[in-house]
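First to last, the protein sequences are chains A and B. If you count by numbering that gives the first Met the number 0, then the first sequence holds residues 0 to 412, one letter each, in order. If you count by numbering that gives the first Met the number 0, then the second sequence holds residues 0 to 999, one letter each, in order.
Hints listed in this document are in silico derivations from the structure and should not be mistaken for laboratory results. Mixed in with the good hints, there may be bad ones.
Stated by the list, open to error - Residues from chain B shown here face chain A by an in silico Cβ test under 10 angstroms; the list is partial:
1. Ser834
2. Gly870
3. Asn871
4. Ala874
5. Ala901
6. Arg910
7. Pro914
8. Tyr917
9. Ser970
10. Thr971
11. Pro975
In this text, all values refer to a predicted model and were calculated from it rather than measured experimentally. Every residue, glycine too, gets a C-beta built ideally from N, C-alpha and C.
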Amino acid sequence: MAYMSMGEAHRRITEFLNRFSDAVFSQDVASLKSLFALSSNPPFLLSVADALNIFQDANRLIKQSDKYSQFGEILVPLFRSLQNYKQGSLVEAYQAFEKTANAFIQEFRNWESAWALEALCVIVYEIRILAERADRELSSSGKSPEKLKGAGSFLMKVFGALAGKGSKRMGALYVTCQLFKIYFKLGTVHLCRSVIRSIETARIFDFEEFPKRDKVTYMYYTGRLEVFNENFPAADTKLSYALKHCNPKSEANIRMILKYLIPVKLSIGILPKDWLLERYNLLEYNNVVQALRRGDLRLLRSALQDHEDRFLRSGVYLVLEKLELQAYQRLVKKIYIIQKQKDPSKAHQVKLEVIVKALKWLEIDMDVDEVECIMAILIYKNLVKGYFAHKSKVVVLSKQDPFPKLNGKPVNS
Amino acid sequence: MANQGSNTETLAPPVVPRSLENQHLDGSQEQPYSYTPSTTGSQAVSWTAHSSTENGVYSNPPYQYDQHTQPPPRSFQDGQNTSSVAGNSSNLGTANVPQDYNAYTSYPSSSNPYGYGSAGYSGYYNSYQQQPNHTYSQPVGAYQNTGAPYQPLSSFQNTGSYAASASYSSTYYNAGDYQTPGDYQNSNYGNQTTLWNNGTYSSYPSNPYANYTVDSTSAYSSGTSGTGATSMEYQQHYKQWADYYRQTEVSCAPGTENLSVTSSSTCPIPPVTSGYTTPNSEPQPAYAPFWRPDSSSSTIPSMQPGAITGVVHDGYWKHGGQSSQIHHTNPIQPNYQNPLDLPCSYDRFQDQQKTLPSHGPNLQYPPAHQVTPPPLQSTPSLDMRRVSKMQIPTNPRIASNLTFGLPKTNRDSSTTSVSPKPAYISVSLPKPTEKVSSNDAASSIIKPGMFPKSLRGYVEKALARCKDDKQMAACQAVMKEMITKATADGTLYTQNWDMEPLFPMPDSDMVNKDSSQCSTHDSSLPKYKRSPSRRARSRWEPLPDEKPVDKPVLTSDDTMKSSGWVQNEDRKVVGEKEESKEDGSRNTKFSSLLQRTSSKTPQRTFKKQRLADALVASENGDASSDSDKEANLTAYYPSAMAFVDSPEERKRRENRSKRFELRQGHRAENNHFRQNAGAGNLYSRRASAMVLSKNIEDGSDRAVEDIDWDALRVKGTCQEIEKRYLRLTSAPDPATVRPEEVLEKALLMVQNSQKNYLYKCDQLKSIRQDLTVQHIRNQLTVKVYETHARLAIEVGDLPEYNQCQSQLITLYTEGIEGSHMEFAAYNLLCVILHSNNNRDLLLSMSRLSDEAKKDEAVKHALAVRAAVTSGNYVAFFRLYKAAPNLNTCLMDLYVEKMRYKAVNCMCRSYRPTVPVSYVSQVLGFSTTNRSSNEKDADALEECAEWLKSHGAHLIADNNGDMLLDTKASSSTLYIPEQEDAVAHGDANLAVNDFLARAPL
């Protein structure tokens, strides 16, 4: 920064204070929220931060006028936060900002209308971003990162200020989504439950009335939770909703949604087109889809093996692993089709040793007992209609629709 | 009770006479009275201590005691006790505490001022406090509370206290009975409780020695089996320890033994307690008033507290009756013949001795002590308890001895602690003097008493290092030189003895010279030693069989030792008496006896000696490191301080560091703390840290949460290999914490033990606890947790396993080597099979390193996971049979579920039938693959049974082979209720198991 004179610094600080008080008194949200959005590094805020570094006695300015001093609780820590933010000490910046936010919530509670909701949303966002950065700073200096956790509990407080009634409730979903982000990042997903319950039960407000961006985010995260629970129909519904309403231009978001939606769709028997995977760069699913199409168990296993880390981290590994049964089903179906071509009258009897042989070709070493068990499971889970005759070691297929399609229903478990 | 009441009321006057008489009696045969009372009191005290030790909380108990004064102490001893104390005593206990404190404060400051009263009182207080803590408090508790409430609460420790109370009441009664000692003795044998008192009394009157023996015997008899065992142990301990005690503080040792005896006696007493309680009830009131006055005036207030405590104790005792017995039995077994135990017993003895000293006065003045003693008692009791803790294993044995010894010791201690005071002095003077002279050079050195506390502490430390009498003697010689030199240089008081490095251990040969002197003491010591060892055995060793044998030995030893003990005690008493100025009149005798006693310092010295003895004992037992010793010393200091809270100490303290000033400022608290520390003589640094922190807190806030627990890191001194697990409710007592070497042995012992899981689990938990409190995190820690985890897996104790596993994970991440992979596999299996949480599973899987994924066990676990998630029962049961390590055991817990799922699946997919032989083979009933042999037939049978019990329909085909009718079965399958299911879900917690495990 170029050198700034004392007068200039004074001028800028005063301007900031004026903007703030003007925005509050005129209920100008757009102006107000810009004064809090420091993580996007707006030039004005940065220059104020510089001015604060030069003009040490900013707090005196706040106290000088009633116009400012009534917001001293908000402004004093905000200045401190700005200063620290500019100097790169993010932990300090976060702590000061949380004080500001706390004071702002007090004010917000007192305001009848929800005019400042957007400003509050900015604050909530800043809280999360600052906490994440502060944690990075903490962990790089060997300390335990705890600010994000603190931000989580602070946001719960904000949520409490919004969840009640009236127009302020509009902001509740935004806070919820920020909480989701925090919880998913921290791995404390179980904490989502209380927030979800509050959103889904207290239906003073129709869900559809929430802002679309919040709805999409909310559906994305709740869909992911359903994936963890292996509740595929619900996950499908939520993720599909998110995909449908997601801004088509934000491809990154679409990709994130597809990352979970594809495994969900696969497990209810719906395979994606190849172009979709290419378009959104989800090639790790390519081989999985191929394997399901061909009944190629080996390919499926190797695809899982190759991307094991990724799948484990995103949490879809177990979902994909369960696709094996579908691969077996496909394999048996292929055998059945071939037999049918050879001898339609005996096609519905698939000998166990044939399946064992087919698996051998796939270099999968399973003995008769194990294959018999797999076949029993296939029948048990209704992936194959028919029965198994133990004496003759033959899978007797139903003559009608021996391989029922899932058609959007999950595999019986 | 009437006696008690009178005593209490008269406390000052009557007490004095009694105490005097008692003391005298002790000294001579007349003393029997005093002895008996004192013994009873001491016993009671010792009981409490013992009981506490037995409880395992021992170390804690002292601390707690200290903190809470008497009531707390009790509570400390048992977690329950504390609560009970609170409940019981809320009134009493609380009142007691303050009173105690007051008494203490008054003592230190006014102990002298009281002069007569103070002397008597102080003596009383001291003795009372000690005894009162145990006995009185117990009686009081019984009285006020009538024992019932209290009993439940503090049953464990109280048992000891109860016994004490019982003994008190009995003692009081005995007072009348005293004359009929013979009867009592007889009765003792016949009647455990009454017998005790009687026996002790009788023995006392006749001969101190006899008393001792009688006491021990009585205790034993009362204890019946337990006592018998204890007696045996005692004897052994005595023998072993005799030397030590002699050298150091024989009297203390006796006291400890006595304490142990008392404990043992108390155990039997429980039944008696009711009777006691009633008597107590009467006395209590009287006591209470007295004590209260004491608190204000010193004696009276303290009396009440004591009474209160007594009540608690009673409750404890009553409850404890059972527990104590158990404990005793346990201790006896372990104590037997354990060399390690001996050291422990030493420590304990020393501790006891120390405590005893403080208690000593109490013993004499049991009633009075109880009242006033609260403060003192609390300290003494604490000490005792600590000692007891130390001795816990040996306690039973010691208990008997201790009870006797305690009385004596108490007297001594009381004199010393109280400082004093004449009554004690007078009583014990004759013997004490002799003892003193003959006794420890160190003690003699110290006794002169004029030495600064720090020097005492130093001496104690030095003595604590000694592993045997010879060393003790040598150390004493060296120290004498040092002190003489210091005196000549004029640095005696200026030198910071606390900081002074210990001189190198002199050759034991050197010591031998002194040993002759000590030999007399040694005789007593051996008894003590024996008693500790007995205790140790009783606690830890599950060898009830030894009891009979031990008993005979013990009896002989006891008799032998008893004489020694008496002497020792007397000596101590004398010293104490001398110390206790208040005892003046009585002290006169003592004073004459005790050259040292003239001043308060003598008392201190005695205390120090006792402490030192305790230290020595501990050191002997543990051969603890210097640091331990130092720690002990520091602990001793506080304890000593606590004991000495008497005026003398105060003065000294004032002159000393700011610390002390702070303590003084918060005397009551400080006293408590100190008491705690003292109780924990072995507490070592921790105790001192506690004291410091407390002091600091006192100064500022007292917030327990602010204590820097790291600073309280304990260095264990316990040598017991076996130790029962007891959840800590206060700062651990180094005396009951085993150092790493011992823990290693303990682990080995557990690993090689043939006992059941409950026993091993208990032992391992106590090992884990000791590791934790000492902040030991190394390969041993990993081994312990791994061992425990494996055992838990073997028996399917998942909660315990999970505890170990979570600890192991952090230990492994700290880079400590162990069977990392093995446990990674267990962890996986656990998550897969038992938590059913996908997120956890994903987390565990994603954390596996590539290296881990190549490990056999981990691969197996992952394969199991795959089999489970896909429902592949064939793969599951193949893996089940090929499982490495203990994976099988974890899978075992899932087998039932897997089989049920599998049968469900088969019934749905197979038509028309499945041979049972196939089911049996696939579901892991048969061990071999389709091979038809006898085993297979059994497996078939088992499989068929299993299928039937789950609602499957079986039919026979033409060949007579069993077939599963899948269609018929598919709708009728169900999971039968577990036949061996227990309402609370854990068959391991069956009542019978609990009962069966108690004797462990």
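Hint-by-hint comparison with the structure:
no. : hint   : verdict
1   : Ser834 : violated, 13 angstroms
2   : Gly870 : holds, 5 angstroms
3   : Asn871 : holds, 6 angstroms
4   : Ala874 : holds, 6 angstroms
5   : Ala901 : holds, 8 angstroms
6   : Arg910 : holds, 4 angstroms
7   : Pro914 : holds, 7 angstroms
8   : Tyr917 : holds, 6 angstroms
9   : Ser970 : violated, 14 angstroms
10  : Thr971 : violated, 17 angstroms
11  : Pro975 : violated, 22 angstroms
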